[in-house]
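Chemist: With these hints in hand, go ahead and build the complete structure from the sequences.
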Amino acid sequence: MLGEGEFLTEILHSPGDLAPRLVFADWLEEQGDPRGEFIRIQCELSEPSDDLSRRDELDHRQEQLRRQFEHEWTRDVRGLVNGWTFHCGFVESVEATADQLMKHGDRLRQLTPIRYLTIQSAASTTRRIMELQLIQQLEILRIERSRLSVRDVDAIRIRGLPQAHTLALSQCDLTDDTFAPLLELHAPKLHDLDVSINQLRNRTAIDLVKSPLSQQLRSVNLFANQIRQKGAMALAEEGSLPRLQYLEIRGNSIGRSGAHALLKRFGRIVMV
3 MLGEGEFLTE ILHSPGDLAP RLVFADWLEE QGDPRGEFIR IQCELSEPSD DLSRRDELDH
63 RQEQLRRQFE HEWTRDVRGL VNGWTFHCGF VESVEATADQ LMKHGDRLRQ LTPIRYLTIQ
123 SAASTTRRIM ELQLIQQLEI LRIERSRLSV RDVDAIRIRG LPQAHTLALS QCDLTDDTFA
183 PLLELHAPKL HDLDVSINQL RNRTAIDLVK SPLSQQLRSV NLFANQIRQK GAMALAEEGS
243 LPRLQYLEIR GNSIGRSGAH ALLKRFGRIV MV
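Per the working numbering, the sequence shown starts with residue 3, numbered consecutively.
Hints listed in this document are in silico derivations from the structure and should not be mistaken for laboratory results.
One should not assume that every hint holds.
[Claimed, not checked] Dumping the calculated BS3-like pairs for lysine-lysine here, alpha-carbon to alpha-carbon at most 30 Å:
| no. | residue 1 | residue 2 |
| --- | --- | --- |
| 1 | K191 | K105 |
| 2 | K266 | K212 |
| 3 | K232 | K266 |
| 4 | K232 | K212 |
| 5 | K266 | K191 |
| 6 | K191 | K212 |
Here the structure is a predicted model, which is why all the values come from computation and not from measurement.
Modeler: Here it is, written out as structure tokens:
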């Protein structure tokens, strides 16, 4: 008979598959463990449904369970990270400092199926962090409030993000030079790029629309950079960012002509 460790191994091996989680939930409920109900509820809530009353009922119940048992269910990760969020019954989203990841990254990977990671204060350690196996399984990677160098960003490019659909490097002191390695990033599933609150100029906008990466992006956040009219015009060129569904470019001095060109090209999906 499988034990809890064997169930966890299956879940860690296939973090995007709900089936092993639901099998584990069955087993937990047979043991009288309320976490089985919690896993089952969160798995159901992860699926689309038009039954709003059912969703409200489930949401209320999962919140009751979380408040009652969160301390117990997070005993292994408390102290290793600064914050966490449950998805489909497990801690999948964590917030941590670079030091915490360097000390506990391998351990975290064995404890819970982390898919969403926010890192703070990553400057000078980014290259070592990118070597962690944990990074290769991430669907969302956010690095915030970290002064990244060209070598740091190049480490992201070298390792790649094979599973990531979202990359956010906000408040990372990025310039055109430090951003440049991302133009060659291997991230075949990436569609959401957030480089807000940096020091990016026209060159980044111009180079971005020429890069292969631009062909897959659906959301681009350039809020509060130093892009001007020339960069806005490049973004607005016919054929640029063909899959775009959202563009945030407020906080840049793109002028009336730049704003008009973007609105004409993209319509309401652009925030100017």
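Chemist: Next, verify each hint and record whether it holds.
Modeler: Each hint, compared with the structure:
1. K191 <-> K105: holds, 29 Å
2. K266 <-> K212: The given pair, whose Cα atoms are some 20 Å apart, holds under the 30 Å limit.
3. K232 <-> K266: Holds: K232 and K266 sit about 16 Å apart, inside 30 Å.
4. K232 <-> K212: holds, 14 Å
5. K266 <-> K191: Status holds; Cα separation ~28 Å.
6. K191 <-> K212: holds, 19 Å
Of the numbered hints given earlier, the model fails none.
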